[in-house]
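Add chains B and C to chain A, keeping to what the hints say.
Protein chains in written order, with my numbering: chain A, 1 to 310; chain B, 311 to 844; chain C, 845 to 1164.
If you're looking for bench data, these hints aren't it; they were derived computationally from the structure.
Possibly wrong hints are sitting among the right ones.
[Said to hold, decoys possible] Lysine-lysine pairs mimicking DSS-like chemistry, simulated, CA-CA at most 25 Å apart:
| # | chain 1 | residue 1 | chain 2 | residue 2 |
| --- | --- | --- | --- | --- |
| 1 | B | Lys818 | C | Lys1122 |
| 2 | B | Lys679 | B | Lys351 |
| 3 | C | Lys1100 | C | Lys941 |
| 4 | C | Lys1060 | A | Lys24 |
| 5 | B | Lys673 | C | Lys911 |
| 6 | C | Lys1157 | A | Lys122 |
| 7 | B | Lys818 | B | Lys551 |
| 8 | C | Lys921 | B | Lys823 |
| 9 | C | Lys962 | A | Lys24 |
| 10 | C | Lys1060 | C | Lys962 |
| 11 | B | Lys341 | A | Lys81 |
| 12 | B | Lys351 | B | Lys341 |
| 13 | C | Lys1060 | C | Lys967 |
| 14 | C | Lys1122 | B | Lys823 |
| 15 | B | Lys840 | B | Lys551 |
| 16 | B | Lys388 | B | Lys673 |
| 17 | C | Lys971 | A | Lys24 |
| 18 | C | Lys967 | A | Lys24 |
| 19 | B | Lys679 | B | Lys388 |
| 20 | B | Lys551 | B | Lys773 |
| 21 | C | Lys1122 | C | Lys916 |
| 22 | C | Lys911 | C | Lys1122 |
[Stated by the list, open to error] Just some of the chain A residues that point at chain C, by a computed CB distance under 7 Å:
| # | residue |
| --- | --- |
| 23 | Leu30 |
| 24 | Ile41 |
| 25 | Thr132 |
| 26 | Gly137 |
| 27 | Phe299 |
[Unchecked claim] Anything over 12 Å on all C-beta distances counts as not near chain B; from chain C, calculated:
| # | residue |
| --- | --- |
| 28 | Pro884 |
| 29 | Phe917 |
| 30 | His1072 |
| 31 | Leu1086 |
As the structure is a computational prediction, the values presented were derived from the model and not from experiment.
Backbone N, C-alpha and C define an ideal beta-carbon position, used for all residues, glycine too.
Letter by letter, the chains look like this.
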Amino acid sequence: MMAQTTMKKRRKNGDFIRRSTGDKIADAILNVTMFLMLCFILYPLLNMFSISLSNEYAVLRADVTFYPIGFNPQAYDLIFKSQDLWRSFGNSIFVAAAGCVLSLIGLCIAAYPLAFGHFYGKRFYSLFILFTMWFNGGIIPQFLTIRELGLYNTHWALILNVLLSAYNIVIVRSYFQSIPLEIVESAHIDGANDFLILFKLIIPLSKPVLATVAMWIIVGHWNDYLNPLMFLSDRENYTLQMILKELVLNAESSIHNISMTGTKQTSGAVALGQQTRNAVLVVAMVPMLIVFPFVQRYFVSGVMLGSVKG
Amino acid sequence: MKKTLAIVLALAMLLGSIGLAESTVEVYTQKLLDAVPTLEKSEALYFEDGLNITGMGVHFNSYPTEFDGCFYFPAIEKMTGAHIGIDWRVEDNYGTQVATTLASSNLPDIIQAGDYGISALVSEGAILPLDDYLDLMPNIVAAVGENRMADWREADGHIYTIPTIVNVPGSQTVQVRKDWLDALGLPLPQTWEDWMTVWRAIRDNDCNGNGDPTDEIPLALEQGSSGERSMASLLNAFGIKASSDCQFCVLDDGTYTMVYEHPRYREFLETVQAMYAEGLIDQQFATRTQSELFTIMDTNLCGTAMTWAERAKLSTYANIDAGDADALWESVAPITGPYGDQMTQERAAVTGLWSITVAAEDKIEEIIKVFDWCFSPEGINLYNYGIEGVSYDWVDGKAVMYPEVVANGFVDYRAMGMQYEPFGGAWQTEAFMQGLFAGVALEDLDPGAASFYNGLAVVNTGKFYAMPQTLETEEYTEYRAELITTGVCVLRDQCVAGQITVDEFFAKYEALKAQGLQEVIDAGTAAYAKLVGG
Amino acid sequence: MNAAAKNREPKQNIFNSKRVRARVLQNIWRNRYIYLMVIPVIIYFVLLKYMPMWFLRSAFYDYKLLKGFDSKFVGLKWFERLFTNPNLMTYIGNTLKLNFAALVLLFPAPLVFALALKELRSKRFMKTVQTISYLPHFVSTVVLVSMISTICSPDYGTLAKIAKMLGTKPISFMTIPEYFVPVSVVSGFWQSVGWESVIFYSTLMGIDQVLYEAAKIDGANRWQQILHVSLPGVANTFVLLLIMHVGQMLNVNFEKVYLMQNNLNLSASEMLPTFTYKTGMESHNYGYATAAGLFNSVVSVALVYIANAISRKVGETSLF
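One chain only, chain A, in its complex shape (with noise of 0.2 Å):
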């Protein structure tokens, strides 16, 4: 930690000096544009942050756009209302993160071999693992055979189901091939084992693409919607999007609770699906919000690569 520090202010310094005109014109040019590029992704991220709080005639009207109208939070009451929200919630967590752990663990042991083996059938193995990136069976056998594996209407199903994938390994394995093979090498000759070598040296210094594929597979885990309707039967065990997804149509099919009477609680039918809708996405967000500062940190490690060589 000091090291970076000290490194970083010495950078600091290093540019301050050197800096000309024409890089600090280049800087305004980059900060603007970055700065144009922000508004750009940020306005319809806004515009349903505002649809979600807004009043439902001005939803209807569609005059929202970058702040509520009308301040209406029904949309995240009805969400936070819900009996199965919080159970679904840890269920999502538990797969996301025993997912994650699991599929890292895996992809780093099918990568290892590709990258640093010299052994019989690794051409065909590299195939054998590729060629599942182009042929799949689709959705029914795929449930088949979970069921014949005796995972259905378990969290091992979604786990299982998406443990290792070809693209992954292949990402991986990629960057294993951009670490030194002096590193292996040495390690085999001072007398450690494959295993020691991947988890002792390999893994340490392979911290920012796993933490990409990590977020890979959280994210993944998490967005998931079709195979847990797949593969969960019990409301026990729904994960988060199911039981939002569920409340995102029972505010859409309220349309059709009509009445002649009660002017809010029905007129805004139409419009409360469309202000579930979004803030449904910003319930689901969030926990990534907190996730994602965690993972940044571990992409500014692989910096330190050099030292290890040295």
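Leaving out everything else, chains B and C in the frame of chain A:
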């Protein structure tokens, strides 16, 4: 900083979940459940040894989500001895869930086809025809009624389902901005010429007063969930008695065929194309989804439309809320066509819901008896009103629900487990009206609500035609996507938008017929003749 | 390539030549730990990926779910139906047009974005931009498409409001076939640029800091550093992703295209996956749907093979 933010967000989410008081729904759900043990055995049907029925069905979201807390199934079990255990599935992607159930060859006793389609279940050989058992279900046959028997049958002439029945008047109406017409000095249109005058006036004037005379849409065309109802109101104005998806119709001589075969279709298409070119029809008709239609109705952008009757009320309120105090969407009688035709589709009352699978072959009679019991007077009362003394009382020979039960329209009523549509039954007009009015008298309704009521029960009276159902023959199922939805429907819309001429439309339509559409038409014609002929 | 990779080749050769002389058993024994890693992975793939693939033979059946493979064998019937469709080439053409636009405009964008992020001086600003840019990934396709149609609506959309302010007539983006690809690409950019830049960003951060220091000592300015250090550092990843991307040329974001379709833009928006979905799945014709999918897979493999061969010839990176 970031960690503080994380903690604050987590706390905010937690706080949101605290502080919930017990609602009317919870109170009544419990009361109904507590009253189940007091129910008596039904004299009409009771299985002393019990009967276990397993099922798989769609869970509609406005109904109780905790099935254990819903009184309906325990009540049926107490009264008939039949235990019904349904594996309720999420509505979304239900078809895929049916597919996986079939593939695992682990069928329940009863199943809802849902969006998988009854004809697809038949072709899988998964469900049993019920024609031979009509004697065992006198109540259901009576509830369907002699004149609606054809609606109950599938295209192959067989009955495969226990239906759900909704005895409720019309649902969609033509609606106009009465205040705009008043401002323009025009009366409510009666004839086709009147309508054209109204549409042109809306097009040419700045009715919404925003300074832009071009942004008012004279006529927005109605949409179904996937655009299938497009132009139903205009087809009807030309005397074309179209099916719900507007692809088929019954000619005057009783022949069932595609609407494009109708002698007036060419004229209809030419007229609509001209109207589009003239700017009388919504220029976005091909993409106008239902919610977008509501948006333009709510935002002073649309002059006339056909949609759910309820919309007259809601859009009126929305416009008033936006500051347009005089706004009024008036429900009016169907559009009168150039030849004086004036008609509208009747709401389909009989919908096939449950099928009995091949897995239940040995207890099919018992299962049918249970369903039939649900359509008996006892069953109908349970379904519509709940339990006597708990949710309703008899007043002058009429079941009257307690005010709290219907105070919130159908919302609470359904959440308590009544009119349990996922399982189906016969919904009575009387129960519908009690829920609809929620204790308010007809004369106390404000103009918006009155317009809604008119749309439901007044303006269309006597104008309904018996809507033919779209017959899902084998040929239809095979070619539907290829030749109809991505075939002739696309041509129709391209023609209306002026991308192709009417002659080109018919030339391409003939080509589609050669590709197999003719087989679809012939199969449909034959199936309909057989259905109607008996 | 960095120095480490350059060192790799000769070493490997020595190792190889040794191995060739060694006896098979000896090799296996030496690699016992490697095999211990490979075997569970193979078991996993057999159980969860290859077993379901056995279902693919339903492409040759009039497949009924309840009957399973007792259904009627129909040979190549579904393939014939697919290849004799008069519109097949139009659908493939539409698919290629969309994918080509995506390849040229969308594929390099995340890399540029990642480079720009890295060059930002204020780390706080950088982190904000990065965090926000990846949020659109959470927006589901259904919501995305409804956002698109709201923003593009000529009656009340944001774009229409801007057009009216500028005094021009609003454009009906969704119903004009020519706008299908642009709208699709721009919305795709919005949704994926941040998310997909994560892999490039992390690779950039993984580049040995020593290389930058060395470049600076050699007098390289920022632009030259990007050109000579950053870009070569991510080249491997970029090429790998590109090869895999090329393999997806016949695939599209099915759900998005399907939801963006309407009768007036169908001439540009109908693609092979959407068409086969409509004809195969809506009528529960699993045989036909599988046949179409199989065709897609075979073409994908062929494309990847070609891309891989080119990449191996031109550069040193390859997928297999």
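Against the structure shown, which of the earlier numbered hints fail to hold, in ascending order?
none
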